[in-house]
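Chemist: Taking the hints into account, I'd like the entire structure generated from these sequences.
Which chain is which? The protein sequence lines are A and B, in order. To convert, note that position 77 of the first sequence is 77 in this note's numbering; the numbers rise steadily by one, no gaps. To convert, note that position 50 of the second sequence is 50 in this note's numbering; the numbers rise steadily by one, no gaps.
By construction, these hints were calculated from the structure, which means they are not laboratory data. Treat the hints with care, as some may be off.
[As the list claims (entries may be wrong)] Between beta-carbon pairs, the in silico distance windows are: (1) Glu396(B) x Lys89(A): 21 to 31 Å; (2) Gln414(A) x Thr160(B): 54 to 64 Å; (3) Ala376(B) x His315(A): 25 to 35 Å.
[Claimed, not checked] Calculated pairs, DSS-like style, for lysine-lysine (alpha carbon to alpha carbon, straight line, at most 25 Å): (4) Lys307(A) x Lys224(B); (5) Lys397(A) x Lys224(B); (6) Lys89(B) x Lys339(A); (7) Lys395(B) x Lys397(A); (8) Lys212(A) x Lys398(B); (9) Lys212(B) x Lys398(A); (10) Lys316(B) x Lys189(A); (11) Lys339(A) x Lys339(B); (12) Lys224(A) x Lys224(B); (13) Lys339(B) x Lys307(B); (14) Lys395(B) x Lys224(A); (15) Lys316(A) x Lys38(B); (16) Lys397(B) x Lys397(A); (17) Lys316(A) x Lys378(B); (18) Lys224(A) x Lys398(B); (19) Lys189(B) x Lys339(A); (20) Lys395(A) x Lys391(B); (21) Lys224(A) x Lys397(B); (22) Lys397(A) x Lys36(B); (23) Lys224(A) x Lys189(B); (24) Lys398(B) x Lys395(A); (25) Lys391(B) x Lys397(A); (26) Lys395(A) x Lys307(B); (27) Lys306(A) x Lys398(B); (28) Lys391(B) x Lys339(A); (29) Lys339(B) x Lys395(A); (30) Lys339(B) x Lys391(A); (31) Lys395(B) x Lys398(A); (32) Lys316(A) x Lys398(B); (33) Lys147(B) x Lys339(A).
[As the list claims (entries may be wrong)] To give an idea of the chain A side of the interface with chain B (calculated C-beta under 7 Å), a few residues: (34) Val67; (35) Ala326; (36) Arg335.
Yeah, the Cβ is synthetic: ideal placement off N, Cα and C, and Gly gets one too.
Here are the chains, one letter per residue:
2 protein chains.
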Amino acid sequence: MAFSEFRTLDETTLLDYIISVPSLSSKLDHNLEDIKIKEVGDGNLNLVFIVIGSRGSFVIKQALPYVRSIGEAWPMTKERAYYEAAALKTHGRICPDHVPQVYHFDQTMSLIGMRYLEPPHIILRKGLVAGFEYPLLADDMSDYMSKTLFYTSLLYHSTTEHKRGVAEFCGNVELCRLTEQVVFSDPYKVSEYNRWTSPYLDADAEALREDKALKVEVAELKSKFCERAQALIHGDLHTSSVMVTRESTQVIDLEFAFYGPMGFDVGAFLGNLILAFFAQDGYADRDAYKEWILRTIQNTWELFHKKFVALWEQHKDGEGEAYVAAIYDNSEVQRLVQKRFMQDLFHDTLGFGAAKMIRRIVGVAHVEDFESIADAEKRAGCERRALELAKLLLKEKKRFRDIAQVVSAIQQIQ
Amino acid sequence: MAFSEFRTLDETTLLDYIISVPSLSSKLDHNLEDIKIKEVGDGNLNLVFIVIGSRGSFVIKQALPYVRSIGEAWPMTKERAYYEAAALKTHGRICPDHVPQVYHFDQTMSLIGMRYLEPPHIILRKGLVAGFEYPLLADDMSDYMSKTLFYTSLLYHSTTEHKRGVAEFCGNVELCRLTEQVVFSDPYKVSEYNRWTSPYLDADAEALREDKALKVEVAELKSKFCERAQALIHGDLHTSSVMVTRESTQVIDLEFAFYGPMGFDVGAFLGNLILAFFAQDGYADRDAYKEWILRTIQNTWELFHKKFVALWEQHKDGEGEAYVAAIYDNSEVQRLVQKRFMQDLFHDTLGFGAAKMIRRIVGVAHVEDFESIADAEKRAGCERRALELAKLLLKEKKRFRDIAQVVSAIQQIQ
Ligand SMILES: Nc1ncnc2c1ncn2[C@@H]1O[C@H](COP(=O)(O)OP(=O)(O)O)[C@@H](O)[C@H]1O
Ligand SMILES: Nc1ncnc2c1ncn2[C@@H]1O[C@H](COP(=O)(O)OP(=O)(O)O)[C@@H](O)[C@H]1O
Ligand SMILES: [Mg+2]
Ligand SMILES: [Mg+2]
Ligand SMILES: [Mg+2]
Ligand SMILES: [Mg+2]
Ligand SMILES: [Mg+2]
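Modeler: Below is the structure:
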């Protein structure tokens with residue numbers, strides 16, 4: 001191995017590193033003369049290098065011991081790379097079509113080598129801002145979410161396997177704490193990191209800090225996030241953790257993975273699509289595209305629901321210990337437990353999705369969907385409508401019985 | 001250390017063991033000549049030796065690699081002794097008045113040395129069968145439960161401490177699986193281990209296996225048991241895990257401890273008191289005693305509620321990460337979240353308590369409360385009334401708003 005202790009790589013030292021790591025240099029067919037290395041990390045936390053040679057390519061992601069976008073003032077364990085690699089491998093085994101392959105992991109260097117998602121792959125959020133339609137998106141994301149969540153839950157696992165996984169990912173606690181802070185705490189209190197489109201949203205931000213009923217709901221969601229080890233979740237499944245072309249959908253950036261509530265992943269994805277929807281009014285001529293987003297929201301949940309239940313049916317006599325076959329032994333009781341389970345998961349999805357929306361409007365990390373609206377007043381109008389919907393979902397989630405009702409609620413907000 | 005590998009002790013080899021372990025022989029003031037050793041284990045799983053000398057005493061509990069009451073046909077990891085010792089120490093630090101002190105732990109021998117709870121301490125269940133009143137019981141048990149559950153939850157812990165504890169106790173998975181099987185599965189299906197007062201309860205047992213609505217509720221409780229790491233719970237807190245005198249209440253037998261839902265402990269204790277109540281009609285002249293049991297049920301919950309909320313108030317500006325002080329920043333929102341939390345915990349308590357009652361009537365392990373009623377028909381009548389209440393609690397738990405309503409429901413069952 002190249003380096004015996006951690007060092008932050010740059011485009012030059014990475015070359016030395018690659019030369020010394022056979023599993024990486026072999027990906028370039030050992031032809032290192034004409035390779036191009038470029039740092040492209042646009043995320044909040046890590047370095048990402050694209051390495052392209054004439055006979056192969058890959059991506060190197062390195063975790064730094066602090067939050068990149070904030071700097072050394074916000075330390076953050078680089079051990080997160082271990083959990084990202086572990087989750088990439090597990091989710092990749094379960095759903096290889098939608099997760100880039102891991103070529104190499106180096107614990108000392110907090111570094112992952114993985115498949116380069118070559119152009120025309122772009123970050124989904126950028127596609128949503130540009131107004132591109134992705135005909136496979138709902139199908140592929142429902143595939144990814146139904147498979148990874150089902151196959152890492154007690155619907156498929158024995159308790160023994162499950163608790164082994166839970167124990168391992170308890171180690172990713174610093175990333176969980178970061179989520180706790182930025183999603184479930186900071187938006188509801190005064191925090192140095194919070195920001196919003198001021199002065200337009202000053203009163204809205206203050207209203208969140210005064211909304212007692214909302215705080216009760218947020219507390220319940222936070223407990224679920226901290227306590228409920230339901231499946232190995234992605235943990236940060238917004239639209240910048242998905243890379244797409246019209247033919248391909250790939251999920252990246254699993255450093256927040258741990259055993260948590262399934263609804264946190266489904267909610268993150270749908271919540272970010274809803275943000276994209278409300279941002280469209282900041283751009284010109286997007287009526288048809290808004291319809292496509294709404295259809296994608298509805299299709300994603302409906303396909304997810306269908307596929308998840310189908311996996312359950314397929315494996316109902318398997319090793320999974322949640323629903324013992326001899327008890328849930330006829331189609332009527334099976335239908336009843338599935339209905340209860342999916343209804344609860346739907347409500348979790350709405351709650352977590354709403355919390356993820358709120359934090360992107362008044363918290364530390366904003367989204368390009370809104371940030372790319374130059375006119376602040378117009379931007380604030382879009383953000384306010386998104387906030388209104390999020391508050392409704394959070395407080396009234398149990399009143400929604402299916403995704404069509406959510407889509408109607410979105411459409412009704414003016 | 002005495003023995004370099006595990007061996008099952010008997011009254012003779014235990015003497016050799018004690019001689020070689022200073023922390024034990026010193027408890028006897030090194031006077032080993034006149035000591036008396038007696039195996040008294042009456043539980044399902046382990047060996048328990050009482051060791052009494054003229055100048056000191058202790059108890060030795062040794063875990064065997066199988067379920068004692070069933071034999072080697074039902075293997076069970078002896079590593080459970082590690083978790084029992086760890087939980088005894090943690091709960092003992094939190095609540096020293098009601099947990100026996102640990103003097104010694106030997107991982108190789110799966111053995112714990114602890115304080116001997118000297119006579120007149122008896123197992124609470126035996127006191128309930130005998131009709132003895134314990135004036136401190138509700139106060140002491142509410143003390144134990146409120147403190148151990150509060151101080152091992154995110155109301156007191158940081159996420160970092162919490163996940164460290166969760167990960168450690170994930171190792172006690174075999175004991176969790178045993179509970180999953182005997183509490184949440186076997187009673188609702190045909191199982192070789194199930195038994196009930198036959199033929200009287202044949203139809204009742206069958207009705208449980210056919211009750212779809214009940215099975216839906218049981219599935220939800222089982223998920224909570226498997227997935228929700230809310231606090232370091234005792235895990236087996238029935239009335240045979242409590243030793244009492246009129247002046248002392250001591251909780252023993254923590255081998256099932258893990259991070260699970262708080263309501264599982266509170267429910268186990270209250271559910272077993274309810275079983276004791278329904279058993280009283282099998283004995284003569286117990287009207288006044290039945291009233292005492294009902295008062296104890298009501299007082300235990302009400303005191304638990306009061307003390308738990310008081311601990312929350314006391315530590316609301318502490319390290320606990322569940323409810324950040326800057327968010328839950330005034331008495332009104334604080335009252336709202338406490339109300340929601342305690343209401344949810346109450347409903348969990350009723351659900352888990354009911355599940356624990358059912359399994360004692362139709363499952364593998366029965367309780368002396370009913371077993372000591374010689375007349376099978378009379379016994380079956382008592383058991384049926386307990387079953388009826390348990391089914392009501394399981395299916396309608398959310399309709400109960402306070403413990404007084406539960407007490408009324410108990411009184412209404414004829
Ligand atoms: N496998 C990959 N192929 C192509 N580009 C990638 C790949 N992984 C990451 N990237 C690029 O790097 C950026 C940051 O990666 P990400 O894993 O999201 O890091 P962070 O955790 O810092 O957000 C992505 O937005 C994407 O543009
Ligand atoms: N510290 C103690 N002091 C006195 N008696 C005890 C003590 N611990 C256990 N016993 C006796 O041994 C019995 C079995 O102990 P317990 O811990 O419940 O074992 P098991 O796990 O096998 O049920 C108890 O019912 C009680 O009679
Ligand atoms: Mg990212
Ligand atoms: Mg697909
Ligand atoms: Mg990331
Ligand atoms: Mg016992
Ligand atoms: Mg025991």
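Chemist: Hint by hint, work out which the structure violates, then give me just those numbers in ascending order.
Modeler: Hint check: 1, 2, 3, 6, 11, 15, 17, 20, 22, 23, 25, 26, 27, 32, 33, 34, 36 fail, others pass.
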